[in-house]
Amino acid sequence: MIPPVTPSQTIGPFLHIGLPWPDGPDVVPDGTPGAFVISGTVVDGAGEPVTDAMVETWQADPRGGFDHPDDPRTPAGPPLPGFRGFGRCPTDGAGRFWLRTVKPGPVPAPDGTTQAPHLDVSVFARGLLHRLVTRVYFDDEPEANATDPVLNSVDPAFRSTLVATTTPEGYRFDIRLHGDGETVFFAL
Amino acid sequence: MPQETVPSGPVASRLTLPHYVGDGAVHPPLLSPEYRSTVLRAPTRPLVLLPQSFTEVTGPLLGEGRVSPTDGDLTRQHDGEPQGQRIVVSGQVRDSDGRPVPYTLVEVWQANAAGRYRHAVDNWPAPLDPNFTGLGRTMTDSQGRYRFVTIRPGAYPWGNHDNAWRPAHIHFSLFGRAFTQRLVTQMYFPDDPLFDTDPIFNSVPDPRARQRLVSRFDWDTTQPQWALGFVFDIVLRGRDGTPFEDQKGEK
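Chains as they are written, first to last, in my numbering: chain A, 3 to 190; chain B, 2 to 252.
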């Protein structure tokens, strides 16, 4: 049965009126120990930057926990002050976005295995009638990535599109919506 | 209904996660060529199924610190009142299993009464209104109810096809309680003559689902000598009845 949910519509080209927040990219406050910047560019099927997109992320804290009633686990250690778990950044005139965050801890998978550190990502844009969902993994977690059940469910030829690469500032994660080098997107 | 979990003692490995129902068939196909911008932006490969783990069944519970008292009244954000028909837009946010979604952030943005957005890339020759920004935020209450005061937005032309005009609409952004429930959509007004030719509205395949995007005029929320009332209820993905057992070898 199809649930009677409200259908999605595109975010449109005028999202900047309503959605950017001054602290949107700050998953953690500036100055948080261990914080780094993930940045990247959103490009379309012609290789052109997508200047009217918005990228959002959601992730576990460094202990692998979520401050949410549906996560009943008790993570070890104190919570990270100022950790919001959520990031939001519209793309700029060059299609770029960035987020300030910390590496999430391991999170169990539904099959009982352990997932590698990851961020869930929503991409909204003019021309996207429904958000696209993808994930950020990290290239300096090769062992955890090798056993991650989600990465392993993806065709090996495309897995690298989900892995952020180390940069001097943190990581780079580009999002290609369509065509050559197309990012892997998920159905939830 | 989802079962609550038992996180301690000898059954610590037995975590039962809620599971959200699939809703893909409700939403527009990503590639909807009548809406031309989808052609180079819709992915070409099939989506990969992402199992719902803690990352997907939790989500940001963004607090009231993001909302100021004037954010829910788009007619009170400047020195004067905006031009146009004053309206009250209200409704209830629920799950598809009928439960209200309380204390969740609702964000809206819209064109002014002339159909012009206060945005650098909107430059068609309709007037800007110095008393209208077109941005609103509010939180749902304990029963999932929200309310905005604004002005009825105008229709506006766009370049998708010859003589293309968007039906009047208000953009909505909702979080729900889980990453899985995140929704961005548009609210329309009843009986708009532009529906038939709008590829964005018509991208929703099921006509009944399409009608869920159309608000209804409502006398009960219409305020005498003040504002017309429109009701727009929003339904997010709910949980299904088969919660997933997070335990090796058992589902």
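Keep in mind that the hints were calculated from the coordinates and are not lab data. Cβ atoms here follow ideal geometry from the backbone N, Cα and C, with glycine treated the same way. There's no promise every hint is true.
To give an idea of the interface, some chain A residues facing chain B are shown, with a C-beta separation under 10 Å as derived from the structure [stated by the list, open to error]:
1) 80
2) 82
3) 117
4) 180
5) 184
Chain A is nowhere near these chain B residues, computed Cβ spacing over 12 Å in every case [as the list claims (entries may be wrong)]:
6) 74
7) 77
8) 91
9) 136
10) 166
11) 174
12) 204
13) 225
14) 226
Status of each hint after checking the structure:
no.	hint	in the structure
1	80	violated (19 Å)
2	82	violated (15 Å)
3	117	holds (6 Å)
4	180	holds (6 Å)
5	184	holds (6 Å)
6	74	holds (15 Å)
7	77	holds (16 Å)
8	91	holds (15 Å)
9	136	violated (5 Å)
10	166	holds (14 Å)
11	174	violated (6 Å)
12	204	violated (5 Å)
13	225	holds (30 Å)
14	226	holds (30 Å)
Hints 1, 2, 9, 11 and 12 from the list above are not met by this structure, while the remaining hints are.
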